[in-house]
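K.L.:
One letter stands for each residue in the lines below.
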Amino acid sequence: MAHTLAVSTPTDVDPDVLPATIVRGYWQSVAYRLRHDPVTLFFGAVILLIILAAIFAPLVAPYDPYKESVIARLKPFGWRGHLIGTDELGRDLLTRIIYGGRISLFMGLAPVLIATIVGSALGILAGFGGRRINTIIMRTMDVFYAFPSVLLAVAISGAMGGGITNGMIALSMVFTPALCRISETATAQVRSLDFIEAARASGAGTFTVLRHHVLGNVLGPIFIYASSLVSVSILLASGLSFLGLGVKPPEPDWGLMLSTLRQSIYVNPWICAMPGAAIFITSICFNLVSDGIRAAMDVRM
Amino acid sequence: MQTQTFPDDDLDPRDRGGQAQPLLIVEGLRKFFRVKTQDGKAAAVKAVDDISFTVFKGETLGVVGESGCGKSTLARLLMHLIQPDNGTLIFDGEAVDSPDGITIDTLRRQVQMVFQDSYSSLNPRMPVRDSVAFGPLVHGKKQAEARAVAKDMLMKVGLNPELFGPRYPHELSGGQKQRVNIARALAISPRMVILDEAVSALDKSVEAQVLNLLRQLKRSFNLTYLFISHDLNVVQYISDRVLVMYLGRVVELGPVEEIFSRPKHPYTRALLGSRSSMDPARRLEEPPITGDPPSPIDPPSGCRFRTRCRYVETVCEAVMPELGAWRDRESHVTACHMQDPGSGHSLADVVGRA
Numbered sequence: 046m047a048h049t050l051a052v053s054t055p056t057d058v059d060p061d062v063l064p065a066t067i068v069r070g071y072w073q074s075v076a077y078r079l080r081h082d083p084v085t086l087f088f089g090a091v092i093l094l095i096i097l098a099a100i101f102a103p104l105v106a107p108y109d110p111y112k113e114s115v116i117a118r119l120k121p122f123g124w125r126g127h128l129i130g131t132d133e134l135g136r137d138l139l140t141r142i143i144y145g146g147r148i149s150l151f152m153g154l155a156p157v158l159i160a161t162i163v164g165s166a167l168g169i170l171a172g173f174g175g176r177r178i179n180t181i182i183m184r185t186m187d188v189f190y191a192f193p194s195v196l197l198a199v200a201i202s203g204a205m206g207g208g209i210t211n212g213m214i215a216l217s218m219v220f221t222p223a224l225c226r227i228s229e230t231a232t233a234q235v236r237s238l239d240f241i242e243a244a245r246a247s248g249a250g251t252f253t254v255l256r257h258h259v260l261g262n263v264l265g266p267i268f269i270y271a272s273s274l275v276s277v278s279i280l281l282a283s284g285l286s287f288l289g290l291g292v293k294p295p296e297p298d299w300g301l302m303l304s305t306l307r308q309s310i311y312v313n314p315w316i317c318a319m320p321g322a323a324i325f326i327t328s329i330c331f332n333l334v335s336d337g338i339r340a341a342m343d344v345r346m
Numbered sequence: 003m004q005t006q007t008f009p010d011d012d013l014d015p016r017d018r019g020g021q022a023q024p025l026l027i028v029e030g031l032r033k034f035f036r037v038k039t040q041d042g043k044a045a046a047v048k049a050v051d052d053i054s055f056t057v058f059k060g061e062t063l064g065v066v067g068e069s070g071c072g073k074s075t076l077a078r079l080l081m082h083l084i085q086p087d088n089g090t091l092i093f094d095g096e097a098v099d100s101p102d103g104i105t106i107d108t109l110r111r112q113v114q115m116v117f118q119d120s121y122s123s124l125n126p127r128m129p130v131r132d133s134v135a136f137g138p139l140v141h142g143k144k145q146a147e148a149r150a151v152a153k154d155m156l157m158k159v160g161l162n163p164e165l166f167g168p169r170y171p172h173e174l175s176g177g178q179k180q181r182v183n184i185a186r187a188l189a190i191s192p193r194m195v196i197l198d199e200a201v202s203a204l205d206k207s208v209e210a211q212v213l214n215l216l217r218q219l220k221r222s223f224n225l226t227y228l229f230i231s232h233d234l235n236v237v238q239y240i241s242d243r244v245l246v247m248y249l250g251r252v253v254e255l256g257p258v259e260e261i262f263s264r265p266k267h268p269y270t271r272a273l274l275g276s277r278s279s280m281d282p283a284r285r286l287e288e289p290p291i292t293g294d295p296p297s298p299i300d301p302p303s304g305c306r307f308r309t310r311c312r313y314v315e316t317v318c319e320a321v322m323p324e325l326g327a328w329r330d331r332e333s334h335v336t337a338c339h340m341q342d343p344g345s346g347h348s349l350a351d352v353v354g355r356a
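Protein chains in written order, with our numbering: chain B, 46 to 346; chain P, 3 to 356.
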C-alpha cells in the first residue's frame, strides 16, 4: 500500500509510521503471532503428543500396565525390551507412565478448568459488582485462603470420601479462591479506567460492557496463573492418592507411582525419577504454552 | 456571543422547543461522596453542592476552576455516570430520569463525553475503529452499518480510516487518540458533547489543532459543547459563556467577554490575575491568590471563598451568597456579597455602582 496520506485536515499524522499495518481481526492476529512463535508451537506439540499417548494408551503402550513379574523388579533402562526399566512390582514403567497420563492429566486439567470458570466468574462479579457483593464473595474466599492448600484438599476430600471425582472437587475448591482473587484484582483495575465509563456513556448495559471491554483485559493474568496451577494440581492429586484419598493402587497415576517408587530410590534412582520427569515435562510445557498464548493475546507486543 | 439563527429546515429533527429553549437546564445539582475521616468519623466530600445553570442550544459553555473544585464530578453527573444526590436535569424541556420525562438511556443518546486521559479512555485491546463503532452497535445498528459510521467519523476527525482504523490505541499518538475519542463521542450523533479537559493533556501545537477541529465539528454537526478546562486561554478561545466554579459551587457565570474583561467575583479576578503574561513589565510580583482551597469535606460557612478573599467581612461568614438570574443567556451573575447592595457588605455599594 503506497502512501495514502490523503488526509484532508492538517492532522498530527507521523509520516514515519506509514505504510499501513495489514488489516486483521483480533483473533486472526493472535493466530498469526502464534504461528510465528516456534517455542510455543514446539511445546504445544509435546502436550498434544502426551495427551494423544494417554488417550490411545492401549495402542501405544508396549505392555500390559498391570502385569507383574517377581524376577523383573526395578530393572534398569533397556532391560529385555523395557525401554525405561520396570517398577517395584516388575511392571513395564513406560507402559505405566503412558497409562498414568490418563488420570494425571485429568487430575491436572479438570480441577484447574473448573476453578478457572468458577473463580474468574466470581472474581469478575466481585470486581464489577458493588461493594456489598465484593465483600460477600471476597470474605468467603478468605475463609478458604486461611488453610494451607494441601491441608484443605485433604480435609475436603477426606470429608467427602476418596475417589477421583471427590478429589477433583476438592482440588477445584482449593484453586478457586486464588483465581477469584486474581480476577477480582484485574477487574478492579480495568473498572476504574475511563473506557469503561465511556462505554457506559455510549448506552451499553453492564453485561455488554463486561463482555466487550472487561473480559478481554482480565483474561491474560487469569490465564497465566491457571496454567501454572496444572502442575500443582497433578502433584496435589498425587498427594491425595498417597494418603489413600485419590487413586488407589494398582491404578497407574504419576503421583502415586512417584510415592510408591520412593522406597526404591537407593536401589535404582533413575527409575524412581521417571514419573517425576513426566510431571515435570508436562507442567513445563503447559507453562510455556500458556505464556506464548498470553503474549500472542497481548496486542501491545 | 452566539447569535446565529437557523432556517427551519436546518433544525435537528430531535429538537423540541426550538432555538429559544435551553438545551439543558441544571437545577440544584448536588453530590456528596461519603468518606471516613482519619479519626474514623463519617464525613461527606461536598464535590458538587447545589449547582444551577443552563446550557443554550448551539453555544459553548466553558467551565473553569481549580483542580478539585468538582468540574469532573459535574461532567459525570450530567451524564448520569454517577447518581446525583439531589437536583434535576431538564434536557430540551424534558426532565431526565423522571416518569414523565426521558430516561437516562435517551439522555445518553443525545449527550456524549470526551475524557481527559486519551489513553485510558480507549480499550487497549480493541482496534480504534471498533471502539468508535461500539456506540452505534449498542444502539442497535448492524455490524456493517456501525463500521461504516466509524469509518465516516474517523474521516471527519481527520484520521484516514484505512490507515488508523485497524490500529490499537498504543499505536497512536496522544493527539490521534484524542481524535479517536472525539470520533467515538460523535458516532452516535449526540446533540451535546461534554469535553472534560479534552485538550489539557496535549502539547500546545496539537491542542490548537484539536481545538480547531472541535470548532469545525461543532459547526458541521450543530453541536452544543460543555467545555471543562483549567486553562483560561483555551476557555476564552472556545467559549461563548463561562461558568466559574469554586469548591463545588458556581461563583460566577456570564458571557465570555464580560467575564474576561469585567470579572466581578474576587476569585475570578484572582484566576485571571494568575495567568502568566508575555510582557515582562507586567510580571507578577505577588501571587494574586495564595494557599490551597479549603477541604471540600468541611467547607467554610457562608461564602466558600472567604478564607482566601481579601475583602472578607462578617457577612461573608454568616450568609451564603446566592447566584442571580442564571437562566438568562445575556446576564452576567455572581455569587458575591459585594455585588449585592442589600447584603450589608461595606464595599457592596461601591462595587455595585462601578
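Everything labelled a hint here was simulated from the structure, so no lab data went into it. A portion of the hints provided could be inaccurate.
Said to hold, decoys possible - Here are a few chain B residues that face chain P, going by a calculated C-beta distance under 8 Å:
1) His81
2) Glu133
3) Gly135
4) Gly206
5) Thr210
6) Ala233
7) Gln234
8) Leu238
9) Asp239
10) Phe240
11) Gly248
12) Thr253
As the list claims (entries may be wrong) - If you anchor each label on the Cβ, the simulated ranges turn out as follows:
13) Glu147/P - Gly174/B: 50 to 58 Å
14) Gly174/B - Ile106/P: 37 to 45 Å
15) Ser297/P - Val188/B: 35 to 43 Å
16) Arg176/B - Pro101/P: 49 to 57 Å
17) Ala204/B - Asp87/P: 45 to 53 Å
As the list claims (entries may be wrong) - Heads up, incomplete: computed chain P residues facing chain B, CB under 8 Å, no partners named:
18) Arg32
19) Phe35
20) Val37
21) Gln112
22) Asn125
23) Lys143
24) Lys144
25) Ser191
26) Ile291
The structure presented is a predicted model; accordingly, all values stated were derived computationally and were not measured. Beta carbons: idealized from backbone N, C-alpha and C, even for Gly.
K.L.:
State for each hint whether it applies.
P.N.:
Right, here's what the structure says about each hint:
no.	hint	verdict
1	His81	violated (18 Å)
2	Glu133	violated (52 Å)
3	Gly135	violated (56 Å)
4	Gly206	violated (45 Å)
5	Thr210	violated (37 Å)
6	Ala233	violated (14 Å)
7	Gln234	violated (11 Å)
8	Leu238	holds (4 Å)
9	Asp239	holds (4 Å)
10	Phe240	holds (5 Å)
11	Gly248	holds (5 Å)
12	Thr253	holds (6 Å)
13	Glu147/P - Gly174/B: 50 to 58 Å	violated (33 Å)
14	Gly174/B - Ile106/P: 37 to 45 Å	violated (20 Å)
15	Ser297/P - Val188/B: 35 to 43 Å	holds (39 Å)
16	Arg176/B - Pro101/P: 49 to 57 Å	violated (29 Å)
17	Ala204/B - Asp87/P: 45 to 53 Å	holds (50 Å)
18	Arg32	violated (21 Å)
19	Phe35	violated (13 Å)
20	Val37	violated (13 Å)
21	Gln112	violated (10 Å)
22	Asn125	holds (5 Å)
23	Lys143	violated (12 Å)
24	Lys144	violated (16 Å)
25	Ser191	violated (12 Å)
26	Ile291	violated (30 Å)
Checked against the numbered hints given earlier, the structure breaks hints 1, 2, 3, 4, 5, 6, 7, 13, 14, 16, 18, 19, 20, 21, 23, 24, 25, 26 and satisfies all the rest.
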